[in-house]
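S.K.: Residue numbers (the numbering used here), protein chains in the order written: chain A, 1 to 333; chain B, 1 to 257; chain C, 1 to 266.
The set of hints was computed from the structure by calculation and includes no laboratory data. Fair warning: there could be bad hints in the mix.
[Unchecked claim] Below, computed lysine-lysine pairings styled on DSS-like, alpha-carbon distance capped at 27 Å:
hint : chain 1 : residue 1 : chain 2 : residue 2
1    : B       : 75        : C       : 237
2    : B       : 91        : B       : 75
3    : C       : 237       : A       : 144
4    : C       : 237       : C       : 259
5    : A       : 296       : A       : 173
6    : B       : 202       : B       : 91
[What the hints assert, rightly or not] Not close to chain B: a few residues of chain A, all C-beta gaps over 10 Å, as computed:
hint : residue
7    : 108
8    : 196
9    : 209
10   : 213
11   : 215
12   : 218
13   : 226
14   : 247
15   : 330
Positions of the beta carbon are idealized from the N, C-alpha and C atoms, including for glycine.
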Amino acid sequence: MSASSKVPLERLPHGVRITLLVGGLALAAVPVVPMEGRDFYLQMLTQMMILAIFAMSLDLLQGVTGLVSLGHAAYFGLAGYALAFLTPANAPASLWWSLPAAALVAALAALVIGFFVVRTHGIYFIMVTMAFAQMVFFLFFDNKSLGGSDGSYVNFKPDATIAGWGGIDLENKTTFFYLTLALLVGVYLFLRRLLFSPFGRALAGIRANEHRMRALGYGTYGYKLTAFTLAGGLAGVAGYLWAAQTGYVNPELMGFHMSAHAIMMVILGGMGNFAGAIVGAFAFEYMLHLFKDMTKHWQLLMGSFILLVVIFAPRGLLGLLVRKKEEAHERNS
Amino acid sequence: MSATPEVLLSARGLTKRFGGLAAVNGVDLDLWCDRIHAVIGPNGAGKSTLTNLLSGDIEPTAGRVAIGGIDTTHKSPEAKSQLGLGRSYQKTNIFTSFTVWDNVRLAAQSRRRLASWNVAQWFTSADSQAATNESCERAIELAGLTPRARAIAATISHGEQRQLEIAMTLATEPQVLLLDEPLAGMGQAEAERMVELLLKLKKGHAMCLVEHDMDAVFALADQLTVMVNGQVIASGTPGDVRSDAAVQAAYLGEEHQ
Amino acid sequence: MLAAGLTLIFGIMGVINLAHGSFYMIGAYMAWSLSAQFGSLFVAIVVGALLSVAMGWLLERILFRHFYHRDHLDQVLLTFGLIYIFEELRSLLWGDEVHAVQMPAALDWAIPLTDNLSYPIYRLVMSGICVLLAVGLYLLISRTRLGMKVRAGAFNHDMTQALGINIRQIHGVVFALGVGLAAVAGMVAAPISSVYPNMGSTVLIMCFVVVVIGGIGSVRGAFVASLLVGLVDTFGKVLLPQIAGMLVYMLMAVVLLYKPEGLFKQ
Numbered sequence: 001m002s003a004s005s006k007v008p009l010e011r012l013p014h015g016v017r018i019t020l021l022v023g024g025l026a027l028a029a030v031p032v033v034p035m036e037g038r039d040f041y042l043q044m045l046t047q048m049m050i051l052a053i054f055a056m057s058l059d060l061l062q063g064v065t066g067l068v069s070l071g072h073a074a075y076f077g078l079a080g081y082a083l084a085f086l087t088p089a090n091a092p093a094s095l096w097w098s099l100p101a102a103a104l105v106a107a108l109a110a111l112v113i114g115f116f117v118v119r120t121h122g123i124y125f126i127m128v129t130m131a132f133a134q135m136v137f138f139l140f141f142d143n144k145s146l147g148g149s150d151g152s153y154v155n156f157k158p159d160a161t162i163a164g165w166g167g168i169d170l171e172n173k174t175t176f177f178y179l180t181l182a183l184l185v186g187v188y189l190f191l192r193r194l195l196f197s198p199f200g201r202a203l204a205g206i207r208a209n210e211h212r213m214r215a216l217g218y219g220t221y222g223y224k225l226t227a228f229t230l231a232g233g234l235a236g237v238a239g240y241l242w243a244a245q246t247g248y249v250n251p252e253l254m255g256f257h258m259s260a261h262a263i264m265m266v267i268l269g270g271m272g273n274f275a276g277a278i279v280g281a282f283a284f285e286y287m288l289h290l291f292k293d294m295t296k297h298w299q300l301l302m303g304s305f306i307l308l309v310v311i312f313a314p315r316g317l318l319g320l321l322v323r324k325k326e327e328a329h330e331r332n333s
Numbered sequence: 001m002s003a004t005p006e007v008l009l010s011a012r013g014l015t016k017r018f019g020g021l022a023a024v025n026g027v028d029l030d031l032w033c034d035r036i037h038a039v040i041g042p043n044g045a046g047k048s049t050l051t052n053l054l055s056g057d058i059e060p061t062a063g064r065v066a067i068g069g070i071d072t073t074h075k076s077p078e079a080k081s082q083l084g085l086g087r088s089y090q091k092t093n094i095f096t097s098f099t100v101w102d103n104v105r106l107a108a109q110s111r112r113r114l115a116s117w118n119v120a121q122w123f124t125s126a127d128s129q130a131a132t133n134e135s136c137e138r139a140i141e142l143a144g145l146t147p148r149a150r151a152i153a154a155t156i157s158h159g160e161q162r163q164l165e166i167a168m169t170l171a172t173e174p175q176v177l178l179l180d181e182p183l184a185g186m187g188q189a190e191a192e193r194m195v196e197l198l199l200k201l202k203k204g205h206a207m208c209l210v211e212h213d214m215d216a217v218f219a220l221a222d223q224l225t226v227m228v229n230g231q232v233i234a235s236g237t238p239g240d241v242r243s244d245a246a247v248q249a250a251y252l253g254e255e256h257q
Numbered sequence: 001m002l003a004a005g006l007t008l009i010f011g012i013m014g015v016i017n018l019a020h021g022s023f024y025m026i027g028a029y030m031a032w033s034l035s036a037q038f039g040s041l042f043v044a045i046v047v048g049a050l051l052s053v054a055m056g057w058l059l060e061r062i063l064f065r066h067f068y069h070r071d072h073l074d075q076v077l078l079t080f081g082l083i084y085i086f087e088e089l090r091s092l093l094w095g096d097e098v099h100a101v102q103m104p105a106a107l108d109w110a111i112p113l114t115d116n117l118s119y120p121i122y123r124l125v126m127s128g129i130c131v132l133l134a135v136g137l138y139l140l141i142s143r144t145r146l147g148m149k150v151r152a153g154a155f156n157h158d159m160t161q162a163l164g165i166n167i168r169q170i171h172g173v174v175f176a177l178g179v180g181l182a183a184v185a186g187m188v189a190a191p192i193s194s195v196y197p198n199m200g201s202t203v204l205i206m207c208f209v210v211v212v213i214g215g216i217g218s219v220r221g222a223f224v225a226s227l228l229v230g231l232v233d234t235f236g237k238v239l240l241p242q243i244a245g246m247l248v249y250m251l252m253a254v255v256l257l258y259k260p261e262g263l264f265k266q
């Protein structure tokens, strides 16, 4: 049984692209539109964008390369903790070096863990990624010096001063929103570019038929490890932003539930094209908030929703959208 | 390319045991440049296992394989491929969701030996590499698939898929070709086309052919090896092998009933 | 025991079941309510085992059966959804508090080992039950006709079906057995570990580690690996307390380096 036998939706149809562009512009316009409870919505949307970056990083691994990782949150959490430790007790850390540093920490951890994990396949891979993430979880949970189960605080939001110009104030929710949006778009464009590069095509080949790729002369272990490391680093970017926004990190950020949520977001939206990961992240968070507001027993609703998706929409929401458009197109022609 | 034929692949004493059973037992094989060496035998003779041993898909229990003088017995499939070994599969082993062009292009790309962590190449477009595209186009043309280049591999006919199988192997620019039943499941016209193609490929390559189609085998083979129960019972020119009594009893005699 | 159930479900039917921990939890909660009802843990375990086997059978028929041919990702998602649902069901049926399950009075004493240490007899009995079940399972799989059919089904699904053996029934049996094992594990452990909402996920991870080390599909491997893991964990807590939590994972990493498919490949 392969990691995925479904054909990924790589090139998005024109109509879908337009819809996404409109959505993106609407998002960019939110801070400028006057509304009730603006701060609350800004905060919520920023959080969704951060999770979208997280989901995209997992999509590189899962949707493109076909590696199902149940421990991706480890790198998300590690970067968050990196910011917490890099921020001194009485001053902010500079965004310009703390963000790359945190992402680097996450990428390094992914490299080390990946070294062990990438040599396994199929179900083993799923299990060991989870196991190693749990190891990282316990490392922080059990050690008071690292914050323990109570976690750690990010005393100040990162400082974005460039050569003395303090124009970008991250304490301002709108500014932070736009920073996150910029990173979201940046990561998306980078990953789309990567998808159609020689590296990206090789990853797609590994997902489709790793055995043949090896027979054709590709060192698939190296390719998978590179993808794993890159995905870890990008998850780190998201984790950094999360810590910067909430000002607080705890081991749950590296936990099983966080990893599970990431997988659900990617599947929900549709794998392999990164736009699906963004859609999935927003949709998942939205549903979570919706269900939690509805009833104390929201888990029942969430579980049922997940079951419905996996039974009826295996290619995710984006896949569903594309299929509906294809059917409409056929009916009209 | 040298003027006099040379041995491009050499196997000595190749053995593979599964538990107590020896699927391949002490097989010696030489593949000469510009020659086609066919391996025949009844079902279960160990031909597929032999091909897998030569290509590196499975590890031998004993014996040695050398490609161009370099010992490759325990090397991985990808290492062997980069040393000049190409293999096509009996059960079509292509990327079904990609187009014919993308299938072959991916095969050709392997020759660029790009390191996955070479960040610069992350920002280039895979379709814009001239050398790769040229190699890809040549392989597709040789295999006769040019009109179908933009079709999705899953949608082309079985015979065309077998041609794609060969095209992909060719795009890796191998010196040694291991062909596992290339004519499997083909109709008369398609089979004739494939035989023509294989004859065209002789120049500059050493080819090993595992086949059941006896007409094709005798049309193509310069050398013949007959395997029964994992062992070689005869090896030599087709003429010699045909008249070998043991071979007639074990195999050809039944075929020509 | 828990790992044996998981490795069976995975090795033989190729289904990854993350909700396995949930079955453990359900078993434990069942033990709590049933033992209160029947006044005896022993009876509760028997009744509970029967109930959980039935539940496993039903689940397989209604849900899991349709997912064998789907890729791992869909199965992961399916079982995630189930975890949420089971958590909620547990909350509805039994509430959210932590409970203690009464140890049977007959077993509530300890063997004195030294002057101040003594070993609880219940733990001995518990281990005994586990060993018995493990041996029984092993014999079932390797010596009986049913076991043979199960193994054949794992090895070659279509051929077994072609031979006229009712593969669907076999799958139902194996799944039910796996669920039953998990639930019984939960029930037996309940008096010691107490019954609390998140016990499923806590134990699931360890279960996965055991299955990876032991090798998927190998019951013997699950048995050996769980012993190994238990030893490493216990001695680790005593000898190297700072990294105790990580020791087991390091063990797994080492195993993976040399034998990526586990100690006892199927």
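S.K.: If a hint holds in the structure, say so; if it does not, say that too.
M.R.: Against the structure, the hints come out as follows:
1. B:75 <-> C:237: 43 Å, violated
2. B:91 <-> B:75: Holds, at about 23 Å.
3. C:237 <-> A:144: Since the Cα atoms of residue 237 of chain C and residue 144 of chain A sit roughly 17 Å apart, the hinted pair holds (cutoff 27 Å).
4. C:237 <-> C:259: With Cα atoms ~26 Å apart, residue 237 of chain C and residue 259 of chain C stay inside 27 Å; holds.
5. A:296 <-> A:173: Given that 27 Å is the threshold and the Cα spacing comes to 30 Å, the pair is violated.
6. B:202 <-> B:91: Distance ~23 Å between residue 202 of chain B and residue 91 of chain B Cα, so the pair holds.
7. 108: 14 Å, holds
8. 196: Violated, since 6 Å does not exceed 10 Å.
9. 209: Residue 209 of chain A not clear of chain B: closest Cβ-Cβ about 5 Å, inside 10 Å.
10. 213: At about 8 Å from chain B, residue 213 of chain A fails to clear the 10 Å cut-off, so the statement is violated.
11. 215: The claim breaks: residue 215 of chain A does not keep its Cβ more than 10 Å from every Cβ of chain B (closest is about 5 Å).
12. 218: 6 Å, violated
13. 226: It is violated; residue 226 of chain A is separated from chain B by about 4 Å at its closest Cβ, not greater than 10 Å.
14. 247: 33 Å, holds
15. 330: Residue 330 of chain A is indeed farther than 10 Å from all Cβ atoms of chain B, at 18 Å.
Hints 1, 5, 8, 9, 10, 11, 12, 13 from the list above are not met by this structure, while the remaining hints are.
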